[in-house]
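Asker: Chains as they are written, first to last, in this note's numbering: chain A, 779 to 1182; chain B, 779 to 1182.
Derived from the structure by calculation, the hints contain no laboratory data.
Beta carbons are placed, not taken as given, at the ideal position from N, Cα and C, and that holds for glycine.
A hint or two may mislead.
Unchecked claim - Every beta carbon over 10 Å from chain A, so not counted as near; a handful from chain B, in silico:
id, residue
1, K784
2, P817
3, I902
4, S910
5, A914
6, K990
7, C1029
8, P1085
9, R1100
10, G1109
11, D1148
12, S1159
Said to hold, decoys possible - With a straight-line cut-off of 20 Å between C-alpha atoms, the simulated PhoX-like cross-links for lysine-lysine are:
id, chain 1, residue 1, chain 2, residue 2
13, A, K1116, B, K865
14, A, K1134, B, K865
15, A, K1076, B, K936
16, A, K865, B, K1133
17, B, K1071, B, K1116
18, B, K911, B, K921
19, B, K1071, B, K841
20, B, K865, A, K1133
21, A, K865, B, K1116
22, A, K865, B, K1134
23, A, K792, A, K915
24, B, K936, B, K921
Claimed, not checked - If we take Cβ atoms under 7 Å as the criterion, some of the chain A residues that face chain B in the derived model are:
id, residue
25, C861
26, G863
27, C1089
Protein chains: 2
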Amino acid sequence: MVRPKKNKTTTSPKGFFAAGLHCGIKESGKYDLGLLACPTGAKAAAVFTTNKIVSAAVTICKKHFKSPGISAVIVNSGNANACTGHKGIENAVAMCRKTAQELKIENRNVLVASTGIIGEQLPIKTIAAGISKAAAKISASSKAGLDFAKAIMTTDTKPKQAVRQMEISGSKVTIAGTVKGAGMIAPNMATTLCFITTDAAISKPLLASALKTAIDDSLNRLTVDGHQSTNDTAIVLASGLAGNRPITSRCPRYRKFANVLGELCEDLARQMALDAEGATRMFKVVVEGAATKADAAKASRAIADYPLVKCAVHGGDPNWGRIICAAGSVGVKLNAEKLSCKIGPMTVFQNGVPKKFDAAKASKIISQRDHTIAVNLGAGSASDFCYGCDLSAEYVRINADYHT
Amino acid sequence: MVRPKKNKTTTSPKGFFAAGLHCGIKESGKYDLGLLACPTGAKAAAVFTTNKIVSAAVTICKKHFKSPGISAVIVNSGNANACTGHKGIENAVAMCRKTAQELKIENRNVLVASTGIIGEQLPIKTIAAGISKAAAKISASSKAGLDFAKAIMTTDTKPKQAVRQMEISGSKVTIAGTVKGAGMIAPNMATTLCFITTDAAISKPLLASALKTAIDDSLNRLTVDGHQSTNDTAIVLASGLAGNRPITSRCPRYRKFANVLGELCEDLARQMALDAEGATRMFKVVVEGAATKADAAKASRAIADYPLVKCAVHGGDPNWGRIICAAGSVGVKLNAEKLSCKIGPMTVFQNGVPKKFDAAKASKIISQRDHTIAVNLGAGSASDFCYGCDLSAEYVRINADYHT
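Just need the whole structure built from these sequences, with the hints factored in.
Answerer: This is the structure:
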């Protein structure tokens, strides 16, 4: 696996073109419309939010992504097109139709995604004009890929991209991706908007399987504020132009591809955690010694979600009491006399009793931009993990001021 | 039901004495030790945290409260005596023993509670000296009751007390209570420390039943940061000195007592919400049209717990999209085409479509110190409710700076 030096964007794999621009949904200047195109047609796989309220874009995208050859993805930011009724559905369809017209492809080969404020109708004329402009300027340049990454941002402070390369049956295969955060993020969902491109030749079911595993172990392990949004969508498009021997079974080539895709998604998840609303640092919670994997997942999420733990991390405070309290609060099996906790490599609580530790050193660890908190429940041998970020006053500022 | 004008504290009902003082757990001056006494012996009922990690105080209290005649409750703040192993248990026992010695009663008739930082051993000698002082100064005055209310505070900004009086079979019966918050509070647990005194003559099982119902509909409906602590304890003591005909069955007298106890607990819960860490306002979430009561409870809690809703309330922003998003995120049955939302009396979302509303007026409602958010899931006829409070930068400041 190699990280290519130059084009680190979704236009890096062969066959992909992109554009991003300001069309007029957001205040002047800020990019709010992105177009990703694969004129030769791509195999697609996707994961969507499990929220029972889904945006119009998700409804239409779920319908279209089953088409055999996806040629474009149209995305707007600044407006979620959620809770917008039949008019919202019409607008999502109109976004696909306009994109199809401009690119001379079929409606059903266009995927659509939206992110932003809930409950307002899209300014569809403004968007239609933007789609014409975007279609006219699509390019395979790294700048075009970056523009696309910028266009999907909401409260993100920077575009988030990653790329990986590998050799499969003598051919260079590239995978690239971009995500947007940065609130309404919790595990067990597709988590926000994520677009991945690859030139691998791979069958549709295996692409779907690799995506599901990669998302499960990365974006789905991240919690920012414990809630999934109405619009979460992760899409992977495979152009098949890399020239590799097609991956059609769970062979070593598949495993290689799946592993690299997993790594890419972990990279994106970490970038998202670090750019979560108001976040200044991220952490990984590892829960071991659980009776079941489900218990380990539940406890790790409870810890990462707990506002008091998030505040402690923000304050650089190795307050393991809150960590233990969170682990105990979700009904998982644990042995109070074997319960232990580590901050980084330092054991701070062991077999149910506080352990003397260097508080200054522990504070330094928990103040790092990226660190690990580990809890052993002493109740079995299962383990799981989760990513979290700190809770800052800035998070409150961002979300108390966000316009309705 | 009457609210008495003068003594509004836990020493208001006949038979109760109290004291509160600074013994030395907290920094100088702040009260950190409280003693409540009922020399004639009281019937007791209690509800405890459902966290799997419980403090040493909870462990001992659970054992002692089954005694037929409870004569005292000893409480310290500033240290939770949780995650402290065998030594912690010894210290909780020592607190009871010292109190029993001073008051010349039996160990098993003393209840104990602790609140504060997790994972540090109690300064037991300091506390023992404090218990001697407290025992020497117990009084039935309203000042003594207020001192007790102050002694149980941690990050609370003010003591929280309530009192109610009623007539039962010609006798005046008084119920009084005090609670401390103000973080680690979520529904479905005994919620923080709560001490209720009454002079009603009532059987132990009926006292327990009335307490459970009252707490279920009040303190258990409050969520501040979605987590129950290791120490939550609610205790009611009944001295039986009011002179009423003893309540021994679910007769109208029981219902009267239970209703007034419920009202008192609601009063305390509202005071807690308004004094939650960093909170500037509280709100009630009512979920109607649910398929089951469990669904309604789950959805109402999801909304009240959701940081983005809490931030919107803090910012006075009628952002109903976040409310709907939270309701959809917890897997409850809903009909997206019948889903509706009200902010105070204003309908802002109806049958799955945004409704034009006066945003300035809605903002005014959501900026009130106490308001109601209502959601109709359109999936049935069950309903439930929950109390929440706003999330402020002050919450982060308090909890990022809290010492370890």
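Asker: All hints are to be evaluated individually against the structure, with a verdict given for each.
Answerer: Right, here's what the structure says about each hint:
No Cβ of chain A comes within 10 Å of the Cβ of K784(B); the nearest lies about 39 Å off, and the non-interface call holds. Under the 10 Å C-beta cut-off, the non-interface status given to P817(B) relative to chain A holds; the minimum distance is some 36 Å. With a cut of 10 Å on Cβ distances, I902(B) stays outside the contact zone with chain A, its closest approach being about 16 Å. Listed as outside the interface, S910(B) is consistent with that label: its C-beta sits roughly 28 Å from the nearest C-beta of chain A, beyond the 10 Å cut-off.
No Cβ of chain A approaches the Cβ of A914(B) within 10 Å, the least distance being about 33 Å, so the stated non-interface status holds. At roughly 19 Å, the least C-beta separation between K990(B) and chain A is larger than 10 Å, which holds for a residue marked as non-interface. Distance check for C1029(B) against chain A: the nearest CB is about 37 Å away, which clears 10 Å, and the non-interface claim stands. The claim that P1085(B) lies off the interface is violated: its Cβ sits roughly 4 Å from the closest Cβ of chain A, which falls inside the 10 Å cut-off.
Residue placement check: R1100(B) does not keep its beta carbon more than 10 Å from all beta carbons of chain A (closest about 7 Å). With a least CB separation of 7 Å from chain A, G1109(B) falls inside the 10 Å interface cut-off, contrary to its annotation. Taking the minimum C-beta to C-beta distance to chain A, about 18 Å, the non-interface status of D1148(B) holds against the 10 Å cut. For S1159(B), the shortest C-beta to C-beta distance to chain A comes to about 19 Å, beyond the 10 Å cut-off, and the non-interface label holds.
Pair hint K1116(A) plus K865(B) holds up; C-alpha atoms about 16 Å apart against a cutoff of 20 Å. Taking the CA atoms of K1134(A) and K865(B), the gap is about 15 Å. The hint holds against a cut of 20 Å. About 35 Å separates the Cα atoms of K1076(A) and K936(B), which puts this hinted pair outside 20 Å; it is violated. A distance of roughly 13 Å separates the Cα atoms of K865(A) and K1133(B); the hinted pair therefore holds under the 20 Å criterion.
Between K1071(B) and K1116(B) the alpha-carbon distance is near 18 Å, which keeps this suggested pair within the 20 Å criterion. Taken as a hint, the K911(B) and K921(B) pair is honoured in the structure, with Cα atoms around 16 Å apart against an allowance of 20 Å. Between the alpha carbons of K1071(B) and K841(B) the distance comes to roughly 33 Å, so the proposed pair goes past 20 Å and is violated. Under the criterion of a C-alpha separation no larger than 20 Å, the hint pairing K865(B) with K1133(A) is consistent with the structure, at around 13 Å.
In summary, the hint linking K865(A) to K1116(B) is supported, as the alpha carbons are separated by about 16 Å, within the 20 Å threshold. Distance hint between K865(A) and K1134(B) is fulfilled; the C-alpha atoms sit about 15 Å from each other, no more than 20 Å. As the CA atoms of K792(A) and K915(A) are separated by approximately 18 Å, the hinted pair is consistent with the 20 Å bound. Restraint check for K936(B) and K921(B): satisfied, since their Cα atoms lie roughly 15 Å apart, inside the 20 Å limit.
A distance limit of 7 Å between C-beta atoms decides the matter here; for C861(A) the minimum to chain B is near 6 Å, and the interface restraint holds. Evaluation of the G863(A) hint against chain B yields a held restraint, the C-beta minimum of about 4 Å falling below 7 Å. Because the beta carbon of C1089(A) sits about 3 Å from the nearest beta carbon in chain B, less than 7 Å, this interface hint is met.
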